[in-house]
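J.: Chains as they are written, first to last, in my numbering: chain A, 3 to 437; chain B, 3 to 437; chain C, 3 to 437; chain D, 3 to 437.
Careful: at least some of the hints might be erroneous.
Said to hold, decoys possible - Label pairs and their computed distance ranges (CB to CB):
(1) A:G259 x D:T111: 20 to 30 Å
(2) A:T111 x B:D398: 37 to 47 Å
(3) D:L181 x C:S405: 38 to 48 Å
(4) A:G82 x B:G262: 54 to 64 Å
(5) A:G16 x C:Q328: 21 to 31 Å
(6) B:D125 x A:T416: 26 to 36 Å
(7) D:R204 x B:N291: 53 to 63 Å
(8) A:T89 x D:D85: 47 to 57 Å
(9) A:G82 x D:S79: 28 to 38 Å
(10) D:G64 x B:G378: 31 to 41 Å
Claimed, not checked - Just a sample of chain A residues kept apart from chain B, beta carbon distances all over 12 Å, derived:
(11) P38
(12) A168
(13) A285
Claimed, not checked - The calculated lysine-lysine pairs, modelled on PhoX-like cross-linking and capped at a C-alpha distance of 25 Å, are:
(14) C:K403 x D:K223
(15) D:K81 x D:K223
(16) A:K227 x A:K137
(17) A:K223 x A:K137
(18) C:K137 x C:K227
(19) D:K37 x D:K81
(20) B:K223 x A:K403
(21) C:K37 x C:K81
(22) D:K137 x D:K223
(23) D:K403 x C:K223
(24) B:K223 x A:K223
(25) A:K37 x A:K137
No lab work stands behind these hints, which were simulated from the structure alone. For every residue, glycine included, the Cβ atom is placed at its ideal position computed from N, Cα and C.
Number of protein chains: 4
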Amino acid sequence: MSYFADLPVAQFEGPDSRNPLAFRYYQPERLVLGKPMVEHLRPSVCYWHSFCWPGSDVFGAGTFNRPWHGLPETLESAKGKADEAFTFFEKTGIPYFAFHDVDAISLGTSLREGWSNLDAIADYFAGKMEKTGLKLLWGTANLFSHPRYQAGAATNPDPAVFAYAAGQVRAMLDVTHRLGGGNYVLWGGREGYDTLLNTDMRQELDQLGRFLTLVVEHKHKIGFKGTILLEPKPCEPTKHQYDFDSATVHAFLANYGLLGEVKLNIEVNHATLAGHSFEHEIAYALGHNLLGSIDLNRGDPQNGWDTDQFPADLQETTLVLYRLLQAGGLETGGFNFDAKVRRQSIDAVDMLHGHIGGVDLLARALLNAEQMILDGQLAAFVQSRYAGWKQGMGTDVLAGKLSLNDLADIAAQTPAPQPISGRQEMLENLVQRFV
Amino acid sequence: MSYFADLPVAQFEGPDSRNPLAFRYYQPERLVLGKPMVEHLRPSVCYWHSFCWPGSDVFGAGTFNRPWHGLPETLESAKGKADEAFTFFEKTGIPYFAFHDVDAISLGTSLREGWSNLDAIADYFAGKMEKTGLKLLWGTANLFSHPRYQAGAATNPDPAVFAYAAGQVRAMLDVTHRLGGGNYVLWGGREGYDTLLNTDMRQELDQLGRFLTLVVEHKHKIGFKGTILLEPKPCEPTKHQYDFDSATVHAFLANYGLLGEVKLNIEVNHATLAGHSFEHEIAYALGHNLLGSIDLNRGDPQNGWDTDQFPADLQETTLVLYRLLQAGGLETGGFNFDAKVRRQSIDAVDMLHGHIGGVDLLARALLNAEQMILDGQLAAFVQSRYAGWKQGMGTDVLAGKLSLNDLADIAAQTPAPQPISGRQEMLENLVQRFV
Amino acid sequence: MSYFADLPVAQFEGPDSRNPLAFRYYQPERLVLGKPMVEHLRPSVCYWHSFCWPGSDVFGAGTFNRPWHGLPETLESAKGKADEAFTFFEKTGIPYFAFHDVDAISLGTSLREGWSNLDAIADYFAGKMEKTGLKLLWGTANLFSHPRYQAGAATNPDPAVFAYAAGQVRAMLDVTHRLGGGNYVLWGGREGYDTLLNTDMRQELDQLGRFLTLVVEHKHKIGFKGTILLEPKPCEPTKHQYDFDSATVHAFLANYGLLGEVKLNIEVNHATLAGHSFEHEIAYALGHNLLGSIDLNRGDPQNGWDTDQFPADLQETTLVLYRLLQAGGLETGGFNFDAKVRRQSIDAVDMLHGHIGGVDLLARALLNAEQMILDGQLAAFVQSRYAGWKQGMGTDVLAGKLSLNDLADIAAQTPAPQPISGRQEMLENLVQRFV
Amino acid sequence: MSYFADLPVAQFEGPDSRNPLAFRYYQPERLVLGKPMVEHLRPSVCYWHSFCWPGSDVFGAGTFNRPWHGLPETLESAKGKADEAFTFFEKTGIPYFAFHDVDAISLGTSLREGWSNLDAIADYFAGKMEKTGLKLLWGTANLFSHPRYQAGAATNPDPAVFAYAAGQVRAMLDVTHRLGGGNYVLWGGREGYDTLLNTDMRQELDQLGRFLTLVVEHKHKIGFKGTILLEPKPCEPTKHQYDFDSATVHAFLANYGLLGEVKLNIEVNHATLAGHSFEHEIAYALGHNLLGSIDLNRGDPQNGWDTDQFPADLQETTLVLYRLLQAGGLETGGFNFDAKVRRQSIDAVDMLHGHIGGVDLLARALLNAEQMILDGQLAAFVQSRYAGWKQGMGTDVLAGKLSLNDLADIAAQTPAPQPISGRQEMLENLVQRFV
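Chain A with its partners taken away, still in its complex shape (with noise of 0.2 Å):
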């Protein structure tokens, strides 16, 4: 019987619902601007904090216990561990998934059989997405985990390393491929340096735009119609990661001739570990075309490392939303939550109760954001404050039609300008009214 078997499958009920297992907000099939609420989300389900990690944390063991940890690594125990986790995405109501090569099947101890596991349990896999219509938001490789990363995969000093990342990248592509995946993630955990000291850093960079050539060109190869995302972080693992927030990773994509092949998928928690809102790696995302999918996991604001919580805060995700309506969505991408319950809550339950709140968070903030939009408001008032740069002089600065020494003297020839008025608090006020 599955570990699962006890919990209800959640049901929308609406907002004046006091049943903690229900949705009050999400339902998949509500239009929301014309499109059904689970085209905008596409939310997805983690497999590896729901049924790889065991509870534990730096300071002590694992809580979990569930019944499929602990046990010999066999294509059984990981079918086994299959069938949970798809019983579990069903009570959920959330049709995505994520994994890495690992949170399926042990890789064993060499490529060839690493590759082996990996087919078997993508053919289980498969049939289990068959016959649960679940679809997979995006594959990834895990190249962080295992000892001989420990100085990094594509930045590693041996290329040895290099080969055998590439080996095991290659496969974990191949079976997102298979698997009709959304997207394929590389996140670079042990990309970065540990101490400056012993580390050349361009010579590393130049083997990490090697490497996602390689990817994206494999990628063509095998007619993936998916988006590759680079997934930034600042740190940890490591003192320093080399794609440490959209902009650095924007650099690195420019530097080496990626761009319009690799986009981003931003973490809310990596967003505010580098110093910045989750608005603001949004807003620079969608500026430059690189937001690909978003992980909506979100840190704690006094403590400086991952912690990997569901989203909490309805006004930052709404705010989200409204940008995502604005700029037409995403594409591939979806809302993930890369997110996991916390150590102390240990029944299957707490599980639940995690992805309930997160996708009815989103879908709250979602229908949030539609109001915005049919409100045009905040639309209205961001547009006519650069009114001046879509007519006269604005325009022919933009263009290219004046030097600086013509604007000087066109400056010279004006009144000076006056300041205008931001009406920051009127804005937060107006953003009040939708949340």
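Using the hints, position chains B, C and D against chain A.
T.: Chains B, C and D alone, transformed into the frame defined by chain A:
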């Protein structure tokens, strides 16, 4: 009589000197790896903190009461201030200085008045520079203090402010050229946002890209041979500035076709506010051929704003100098002290203590770095760590001769790579030998 | 004519109002758990940010140009400013205010002149308060802006500065008493250090303990029934302030025998600068009977200085109100908006937007908290979680009836305790129902 | 053969030695201000990081593969590990060590089994200590790793967990006493909260106060002469720990009547995580007679978690040693290296590099501090800065002879005090002379 009349001219007295107003390490003409110390360092005093700032902070009035504060804003008072400044520069033994247009003289109430005032005081500076031999490390225009720039200069929603800023920069770039300045710096103190709610980020970046292009074009037009520098800073005064850190500026320059034309002025305090070590920012800039010049003032590790203190970390400065020497050193740049004495350090002698301590620590770091270069162990370790990439498969990978499939095949046919110690503790101990 | 003549008096229009200058939630007389909203909240406008601060920051001049700025420092100009302030207070519908001595009028160049000026303007305030019904939440003396306080007031190395501060506080405490103020606040903006190198910390704390004791003694002597409050802040303007956070002040009060006499004025922005959540600081203060009053202004999550913004986090404010209602609410304290409009918000109407938004969010949070209290689920969960401590061995332990040996023996004879879920996700979802 | 057989015993070779496995400064018997260096420092190796931690982190498996890892949990394997540990201790030349109960041996599945195991290994330790002369700086019980402590030990909502913890501490305190330990440390790694939503903070603090009282009573009962120490840390693993920093623990001890009975074990890394400099925490503790012992491991300035690195900041360590020497030094405490080699430092020699570097930096700092004491300038400056408080009105104020009114009168009759320079830059330069 000068405010500084009682102060001695700082002299080198050697490491054992107990004279607090003497240099223990700074000997401008001492050869370091064959080049005079002063040519390596090109140290610079900034005009603003020592001669314009009154010792105020957000919670308190100015404490300094220098004789040149509070005088009517005339050419005479500007000259008087310049007399004091140049007297002080000579006492410090530091051969370069840097200034904003508004530091030198009031710009009055119109662009034309500003141009005229600036021209007049530039003539006076020219005379003093000729007489004293002091040189201009860089010039810059203040595009952030006047209320007209409250919403940015180049990134202002009002094109008229953009034009006004163009007028100001044109004049100051011309003056910098006339005074033989080594560089022209743009710090975008208001080129950012206070709230995303009223901001079109991409629009503003397009404006900023255009502005910088105009500056570069003007530089070439007038034949200025110095370097155009952007100065990264993540925030303060705005919530978020567009020139967040080196990598962000890198992305910006790439996006607007300005690589090769514009470099970076990296400040210690700005690096740490952005969540990086100073060494990281330097390594990033050197690795991408972006390093122009350095502001050596530090922040406080526990304070989240720009404290602009004189440097006090010999080890950090040593490691930066080591990187610089390895990379061939600065070209047009130098080490500017964008540093201010504490608000409680109200006497003339405090200014001298600050500058002597700063330049002496810098000189000592240079001598340490020279020893590290001569020792060679650190460089040899790093080189050997990446040796695998200079031969065989490593070379082929970087040359693009192998596909993902090729590498997967190779890896599958080779024994799995084994981890190698990064020797961080040994290297950290090695560094202690030189500080 | 008043600067604010064109502004309406803010009125309650209900949640559906689209009028940006109306309240949607704030109804002073609405009963919340049987007590009028206004008595729960006692909201307050601060004098300094709205009527003294010119819109300057560290990098720029004032942008506000209010008509009362820059006038000669006379009693007449002070009265004129007060006229504007009280007019504005009435427009906001907020019934309390707070001020420093120097906000109301210049203190001139001697203590006697300051006393005389303060007396005169206090009379004028008294008349306006009688006429308008406005009340004083708290008074305070500014012991940080004048250069004499550069090295602290009570903690100054010079006892003469301590005495001067005593003279200033005596006068302002008397005035606060005369105006019927509910509290007297001491914020130790310079009671800290810029460097430990020149500081004798214990000596300075002894001075501060003495100073506070003198204030408490004086309070009793004059029969002031309000509360003496310290306001924790970790740093800024100094590198480190002695009133770092609630717990640090708690230790200080315990050390100098001031518990029971002095409570805390907790500010959101100061809490977060100290590395705590606002909710934590409130919980700590309530748990130790230390909470006096609250400054509701928030900081920016990404900025490391005091931004003093109007509140915008409904969830956080709701949770704080919930704790307050549970604990019986504030006594002499209230919710002061030590908040300023952004430097770009230069119009009169921006001031009104800020205050309306702030008080409306506060009112909404109160209504949310009322629902949480009525719902009772959260309180019941917490109570049941600790139920073991209200019976049997739990009670005996807390009563001191069992030794370490006793407990060891008991534990050895009982089955090892099993972990119980903390249900964090369920509780977080529950909170979402009320915001 | 020992894992460490190939490593040399570290020897003093003097500052010019280029031998990376020799001491350049550490000479245990060298007299510093008349006392042997080793008695000043009492340096200590920790058992856990070097002999229990496998080199894992949140994102990756252990990298170390020490021969004693992964063995069956028997007394024999515990003895084998102890043999290796003591061999290593002797190679480092460091005379003290520290350990948790669970570091030495598995505690099995019941309290009784744990007691029995601990007793057995304690006997073995006693024998090795006698043979080698190694001494125990402190002992401690691990009340945070086992799942039963997920919600705290003393602060657990379940009194049975409190009792279990009592059983564990009783045993380890007895063992510490038996082994002649200098101190007994309690680090409350789970004594905090993950969310305030399910937490009664005051209830938990009352439990913690009781627990600590029981420990103190037991100490006296068994005649343990060492010091009971709490170790402040602001967070990690929990969101917020109750022993946030020195001042918070100070308040806690005052509140539960434990001042004089309990002191602090201050860790560099914990100080900086709490937003303080290391020097601040030491100054606070010394100023309040709270300093017990020191953990010298540092954090990374850019990382928001406990990195537990060996010290590398000579200047900071020098200033702390200077303060310590001034205050008379440590009593039962010492300098423990709660430090681990980096996860990439996988070889036996890396462990030796780490410890040699740490103790050598500490020794060098001590020698620097000795010079600062002998020089006397810094102390003289501070003393003269507060001279006004040792005479006349200053003395009367501190003696409580003057009221607020008295002081106001005095101040009004005296010329207003004038600011005096704090000479921060001069003092910072002075410090550079000694590092």
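J.: Taking the Cβ atom of G259 (chain A) and the Cβ atom of T111 (chain D), is their distance within the range 20 to 30 Å?
T.: Violated, at about 59 Å.
J.: Checking one constraint from the list: CA of K37 (chain A) to CA of K137 (chain A), max 25 Å. Satisfied?
T.: holds (19 Å)
J.: Given a hinted range of 37 to 47 Å, is it respected by the beta-carbon distance of T111 (chain A) and D398 (chain B)?
T.: violated (27 Å)
J.: I want to verify a distance hint. Is the separation of the beta carbons of G82 (chain A) and S79 (chain D) within 28 to 38 Å?
T.: Hint holds: Cβ distance 32 Å, inside 28 to 38 Å.
J.: Decide, holds or violated, for the assertion that all CB atoms of chain B are farther than 12 Å from the CB of A285 (chain A).
T.: violated (5 Å)
J.: Is A168 (chain A) truly not at the interface, in the sense that its beta carbon sits beyond 12 Å from all beta carbons of chain B?
T.: violated (4 Å)
J.: Next pair to validate is K81 (chain D) with K223 (chain D); report whether the Cα-Cα distance is within 25 Å.
T.: violated (30 Å)
J.: Verify the proposed pairing of K137 (chain D) with K223 (chain D), using a straight-line Cα cut of 25 Å.
T.: holds (23 Å)
J.: Hint says 26 to 36 Å; check whether the CB-CB distance for D125 (chain B) and T416 (chain A) agrees.
T.: About 28 Å separates the Cβ atoms of D125 (chain B) and T416 (chain A), which means 26 to 36 Å holds.
J.: Has the given pair, K223 (chain A) with K137 (chain A), been kept, meaning a C-alpha gap of at most 25 Å?
T.: The given pair, whose Cα atoms are some 23 Å apart, holds under the 25 Å limit.
J.: Check the hint pairing K223 (chain B) with K403 (chain A) against an upper bound of 25 Å on the C-alpha distance.
T.: holds (16 Å)
J.: Does K223 (chain A) lie within 25 Å of K223 (chain B) when you go C-alpha to C-alpha?
T.: violated (48 Å)
Of the numbered hints stated above, those contradicted by the structure are hints 1, 2, 3, 12, 13, 15, 19, 21, 24, listed in ascending order.
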